[in-house]
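*Asks:* Sequence:
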Amino acid sequence: MKLIDVLSKHKTSFLLLYAGLLLPVILLFYFFKPMVISGSSMYPTFHNNDHIVVDKFNGYISTLKRGDVIVFFSPIDENRLLVKRIIGLPGDVIAIRNGSVLLNGKLLREPYTNHRSESYETIPAFLIPDDSVFVLGDNRLVSADSREWGAVDKSRIYGKYILKLRN
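Every position in the sequence shown, counted from 1, becomes a number in the numbering used here once 37 is added.
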C-alpha cells in the first residue's frame with residue numbers, strides 16, 4: 038500500500054488528531070495569557086519577575102469579587118498593563134483613614150498587605166460607580182492605584198489572575 042493510499046484512507050483520523058492537538062493550544066492562548074510581574078507594588082503577594090497566568094475574560098465585572106487580583110490597562114499609559122487587588126465593587130463606599138481601608142463604613146481586614154509599611158494616608162468616602170472597581174496594590178507605600186486615579190472602569194480590565202507559576 039502506498040503512502041498516499043494510507044493518508045487518504047486515514048485522512049479523517051489525521052484531521053481529528055491534528056484538531057485535537059491544535060484546538061487546546063489555540064484555546065489556551067486565546068483565553069489565558071502568561072505574564073511577568075514588573076515592580077513591587079503587589080509585594081508580598083508577588084515579587085518582581087514572578088510569572089503568572091491571567092484569565093482574559095475581558096472584564097465581565099459580574100464575575101469579579103473583592104480580593105480578586107486583576108490585570109488592567111493603566112489610566113495613565115494606555116499601553117501598560119497593571120496588576121492590583123480589587124478592594125471595592127460597584128456601589129461600595131470606600132474610605133481610607135490613617136492608612137486603614139473602610140469598606141461600607143467597616144474596617145477591611147487585609148491579611149495580604151505588606152504590614153511592615155506604615156501609612157497615615159486619609160481619603161474621604163468614595164462611592165464606586167457602576168461598571169467600575171476600586172483597586173489597591175498590596176504594598177501600599179509604593180503602589181500607584183485607585184488612590185491616585187479613582188475607580189477603574191470595566192472597559193480597562195484585561196483579565197483576572199488565576200495562577201502563579203514557579204520561577
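Among these hints, one or two may not hold up.
As the list claims (entries may be wrong) - In silico EDC-like cross-links for lysine to aspartate or glutamate, where the CA-CA straight-line distance does not exceed 16 Å:
(1) K70 to D114
(2) K201 to D129
(3) K201 to D105
(4) K201 to D87
(5) K191 to E158
(6) K93 to D167
(7) K93 to D129
(8) K191 to D87
(9) K102 to D114
(10) K93 to D105
(11) K197 to D129
(12) K70 to D87
(13) K102 to E185
Unchecked claim - Computed Cβ-Cβ distance ranges for the label pairs, DEER-style:
(14) L52 to V179: 37 to 43 Å
(15) L53 to S111: 22 to 28 Å
(16) D114 to I160: 35 to 41 Å
(17) V62 to L164: 28 to 34 Å
(18) L65 to R103: 50 to 56 Å
(19) D114 to P71: 19 to 25 Å
(20) K93 to E158: 31 to 37 Å
(21) F69 to G136: 21 to 27 Å
(22) F69 to I113: 33 to 39 Å
(23) Y157 to D105: 26 to 32 Å
(24) L59 to E158: 26 to 32 Å
Hints in this document: simulated from the structure, not taken from any laboratory. For every residue, glycine included, the Cβ atom is placed at its ideal position computed from N, Cα and C.
*Asks:* All the hints need checking, so say for each whether the structure fits it.
*Replies:* Evaluation of the provided hints:
1. K70 to D114: violated (20 Å)
2. K201 to D129: Measuring from Cα to Cα gives roughly 29 Å; hence the hint is violated.
3. K201 to D105: Satisfied, since the Cα-Cα distance of roughly 14 Å is no more than 16 Å.
4. K201 to D87: Roughly 7 Å between the alpha carbons, so the hint for K201 and D87 holds.
5. K191 to E158: violated (26 Å)
6. K93 to D167: violated (21 Å)
7. K93 to D129: violated (25 Å)
8. K191 to D87: violated (25 Å)
9. K102 to D114: violated (25 Å)
10. K93 to D105: Judged against 16 Å, a Cα distance of about 14 Å means the pair holds.
11. K197 to D129: violated (20 Å)
12. K70 to D87: holds (14 Å)
13. K102 to E185: violated (22 Å)
14. L52 to V179: 37 to 43 Å: Violated - the Cβ-Cβ distance for L52 and V179, about 53 Å, lies outside 37 to 43 Å.
15. L53 to S111: 22 to 28 Å: violated (44 Å)
16. D114 to I160: 35 to 41 Å: Violated, at about 23 Å.
17. V62 to L164: 28 to 34 Å: violated (44 Å)
18. L65 to R103: 50 to 56 Å: violated (28 Å)
19. D114 to P71: 19 to 25 Å: Given about 21 Å between the Cβ atoms, the range holds.
20. K93 to E158: 31 to 37 Å: holds (33 Å)
21. F69 to G136: 21 to 27 Å: At roughly 35 Å between Cβ atoms, G136 and F69 fall outside 21 to 27 Å, so the hint is violated.
22. F69 to I113: 33 to 39 Å: Given range 33 to 39 Å: violated, Cβ gap about 26 Å.
23. Y157 to D105: 26 to 32 Å: Roughly 27 Å apart at Cβ, these two residues keep to the hinted range, so it holds.
24. L59 to E158: 26 to 32 Å: Because 51 Å falls outside the window, the suggested range is violated.
Violated hints, in rising order: 1, 2, 5, 6, 7, 8, 9, 11, 13, 14, 15, 16, 17, 18, 21, 22, 24; the structure is consistent with all others.
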